[in-house]
Amino acid sequence: MLRPEDYLTGEPAWCPGCGNFAIRKALSQALAELSLPPHRVVVCSGIGQAAKMPHYIQSNGFNGLHGRALPAALGIRAANTDLTLIVESGDGDSYGEGGNHFIHNIRRNPNLAHFVHNNQVYGLTKGQASPTSQMGMVTGTQTEGVLAPPLNPLALALVMGAGFVARCFSGEAEHLKETMKAAITFPGYALVDILHPCVSFNKVNTFKWYRDRVFLLDDHDASNWQSALEAARQWGERIPLGIFYRVPRPTFESAVPALQGKPLAGQPFNPASLSRVQEEFL
Amino acid sequence: MEVNVLIGGAAGQGMETVMHMLGKALAREGYLFIATKDYMSRVRGGHNFSRLRIAAERPWSPVDTADILVAMNAETYRLHEKNLGRDGRILFDPARFSLPEEEGRGLPVPFEELAREAGDPIMANSVAVGALWALLDLNLDRLPGIIEESFRGKEEVIRGNIAALEKGYREAASRCENCFAMPPAGTGKLMYIDGNQVLGMAALASGCRFFAAYPMTPATGIMTYLAGKSTAHGLVVEQAEDEIAAINMALGASYGGVRSMTATSGGGFSLMVEGLSLAGMTETPLVVTVAMRPGPATGLPTRTEQGDLDFVLKAGHGEFPRAVLSATTHEDAFFRLNKAFELADRYQAPVLFLSDQNFADTHRSLEPFDFSRLGHNRCLAEAADVEKPYKRYRYREDGISPRLLPGTLPGEVVLVDSDEHDERGNIIEDAKTRRAMMDKRLKKDALLAAEMDEPGVYGPGEGDYLLLGWGSTYGVLREAVDLLGREGLKGTLLHFSDLWPLPKTRLGDLFPRAGKTFCAENNATGQFAALIRRETGLQVDHNILKYDGRPFFPEEIAAEVKKHAAT
Ligand SMILES: Cc1ncc(C[n+]2csc(CCOP(=O)(O)OP(=O)(O)O)c2C)c(N)n1
Ligand SMILES: [Mg+2]
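These protein sequence lines are chains Z and F, in that order.
Everything in the first sequence is counted per this note's numbering, starting at 1 for the first residue and increasing by one.
Everything in the second sequence is counted per this note's numbering, starting at 1 for the first residue and increasing by one.
Think of the hints as simulated: they come from the structure by calculation, not from any bench.
Heads up, some of the hints might be wrong.
Claimed, not checked - Computed list of chain F residues with no C-beta within reach of chain Z, every gap over 12 angstroms:
id, residue
1, Asp194
2, Gly267
3, Ser401
4, Ala431
5, Phe511
6, Arg534
Claimed, not checked - If you want a taste of the chain Z side facing chain F, the calculated C-beta under 8 angstroms gives, among others:
id, residue
7, Arg40
8, Ile47
9, Pro54
10, Asn60
11, Gly61
12, Gly64
13, Leu65
14, Pro71
15, Ala73
16, Ile76
17, His104
18, Val277
Beta carbons are placed, not taken as given, at the ideal position from N, Cα and C, and that holds for glycine.
Assemble the whole structure, with the sequences as input and the hints as a guide.
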């Protein structure tokens, strides 16, 4: 029996009160409840406060470049279809620097869970606006306030055809954990946008700000794309949480012929046995 | 004894098919030849041409003069009439254009009309192939089989094209009996293969199981080859959304446990450099093939240059070890790309493989390669020998930490990090660990240096001149040495395949014994000569540089050497 504590390692360098602690705890619980041994799990991330997660969760880890967690994850997926793959990164990482990968990854639909720690700000670099920052938010680099409207990651994912789209809040621990489990076990790309406060740099979207607005969607049909889109578009005074959409579609793994058998990693290989590939040139 | 053919036409006139049929048929007859391609970055129109040189001894490069000019359009005649030797002939379609009155070398064959008779004017290119085959005095038997293979299943197309071939053949044969004496053919079938196919095949046979790239000329052929093999040979070929994704995917796959590669040209490589640095920091094996074309920016997309050497040597922020190898001849490149995979795995470092358009698009007839010479040593840690807890970056005398694949050892995890890290892979900031990790990684420099092959020597090792070169210019420089030899100037070619860490022993040996020293490069600033000077203090007397997007000809090199060697 694995316990949540078995997945905790390192000493997080996050600020006291940071929402990332709750996300880490929920992840450790989700992994324990799914009985996934650490050596069978890979946590892949980019750069940012959120992206430090591979250092604090006992599992394999690929802490790559800012914005590039998803491409790296696709490669890991291709190399070894047996591993459970989780991408953990911030809103800036996932939607800004890595925006192009976000879009194309949805098209590919590899089997992985993507947990975006959305604090609506660039935390690590000390408070610049992120693609999800609210209009008007004043920062050191947005001195007149953010001028462009925020990116809506969930609506974008739905429109791109993502099969699993959910929103959580770090303050709703049980819901977060359960949603993580559902995302990890979902066959295909599963996006969970996790709202959480940045106590140091986001003075607009505080814990209270979220707490006052979020509510759990009930009576929601997660197989209905239209109502999923409606939920995804709801933002402001009331912000819905829940699995908005859950309808599997063919995955990257199921479509790529080379991935139908055993994982590619570790397969024996002898170059001499390939000599016949030259025949087509004769 | 040799025959040189220049075939030109507009994009869209089926030039590719012509060259494919000719090349394949000549290779099956065992002829030794080289075929190069000069084409424009457009899909229709423009002017494209190929040079075909068939010789009794292996031809190392094409030559500028042609014995037969196959002019599919008037422009080919206009542009290349000057290339024709005295006894040359011009094969052309009189319905397309007419030759000047005084032009006595014309050999009109109505390509389109005969094609129409065979069923469709679109088969004019098959008529041209038949006609050329007759001029070369070859047996027609070989060609129909190649048409059958190319159009398998399309009976009518096959019948039509064979009829077109025969018509062209008969027409030309009746007009020019024994026009050209072909060099003797070899005894066995040879492969007809270009540089990109050689590299694709080398990657496949090296056990590469993941390839991600974004299409970019002249590297795309590698991807095309591998994609064609992916289903049958169980490899994943992913067309990434951009080159940034491509290199990060390849790194992920390598971490996950398979040999992986990406390929691109300069512009795409510019986007990859942060990923290259990540390979250095995370000590993840990776092969990156860079097929150079002239820059800056988009430059000349379909042409050749050796302008990215400096870039590739230094690409990526921070200091980390790498190896840079290059494609010289097709055979050498086949085994050298395998070496790139071997080095990447053994030293857990990025290995760059430099090709260029000149190499990528050049076809040759070649004996099949000996695949038993290829290596597949993954240099992974044996689970039983792993010291616990497993630490991905455990300090070792030689700087190489035992590498375990994630998921293979219960209880042990593999953590890699783009941040500076400790032995476990955890992010750190303390000065002591930073120094230790830098030192650990940089130890690989010396190890890689010991793996570099000394440059190849062609010639006596001394003489009036020492000619230096690297990469795809090997053939042309070797021919230049022969040419100079025939004119009484004796000298030596020292040609580099492995570029970084720069192998220095032979340089040190031969430089002092040389008369004048030359370095020939397809770039404007003499990057390799500068590298030699930086690394050894040796100063080349003359740079021979060409940066108009076209490859060198032996005559150009020989003329430059002659001009300066005497003085
Ligand atoms: C290529 C590159 N550009 C910029 C940075 C600097 N940088 C690091 S993290 C980051 C933004 C982090 O924001 P987010 O992804 O939202 O993560 P958070 O810290 O808020 O969790 C930036 C701009 C970098 N590391 N690499
Ligand atoms: Mg953020």
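>> So, as I understand it, the hint says Pro54/Z touches chain F; can you test that by seeing if any CB pair is closer than 8 angstroms?
In response: holds, 6 angstroms
> Hey, does the His104/Z contact hint survive, CB to chain F under 8 angstroms?
Replying inline: holds, 4 angstroms
> If you take the shortest Cβ to Cβ gap from Pro71/Z to chain F, is it below 8 angstroms?
Replying inline: holds, 4 angstroms
> Since Arg534/F was said not to touch the interface, does its Cβ keep a gap of more than 12 angstroms from each Cβ of chain Z?
Replying inline: holds, 30 angstroms
> Regarding the hint that Arg40/Z lies at the interface with chain F, is the smallest CB-CB distance below 8 angstroms?
Replying inline: Nearest chain F Cβ about 6 angstroms off; hint holds.
> Hint check: is the beta carbon of Ala73/Z less than 8 angstroms from a beta carbon of chain F?
Replying inline: With a closest approach of 6 angstroms, the Ala73/Z hint holds.
> Does the no-contact call for Phe511/F survive, Cβ to all of chain Z over 12 angstroms?
Replying inline: At roughly 38 angstroms from the nearest Cβ of chain Z, Phe511/F sits farther out than 12 angstroms, so the non-interface label holds.
> Does Gly267/F really sit off the interface, with its C-beta more than 12 angstroms from all C-beta atoms of chain Z?
Replying inline: holds, 16 angstroms
> Was the hint right that Ile47/Z lines chain F, CB cutoff 8 angstroms?
Replying inline: holds, 7 angstroms
> With 8 angstroms as the cut and Cβ atoms as the points, is Val277/Z at the interface with chain F?
Replying inline: holds, 6 angstroms
> Do the numbers back the hint for Gly64/Z, that is, is its least Cβ distance to chain F under 8 angstroms?
Replying inline: holds, 5 angstroms
> Any CB of chain F closer than 8 angstroms to the CB of Leu65/Z?
Replying inline: holds, 5 angstroms
Checked against the numbered hints above, the structure violates only hint 1.
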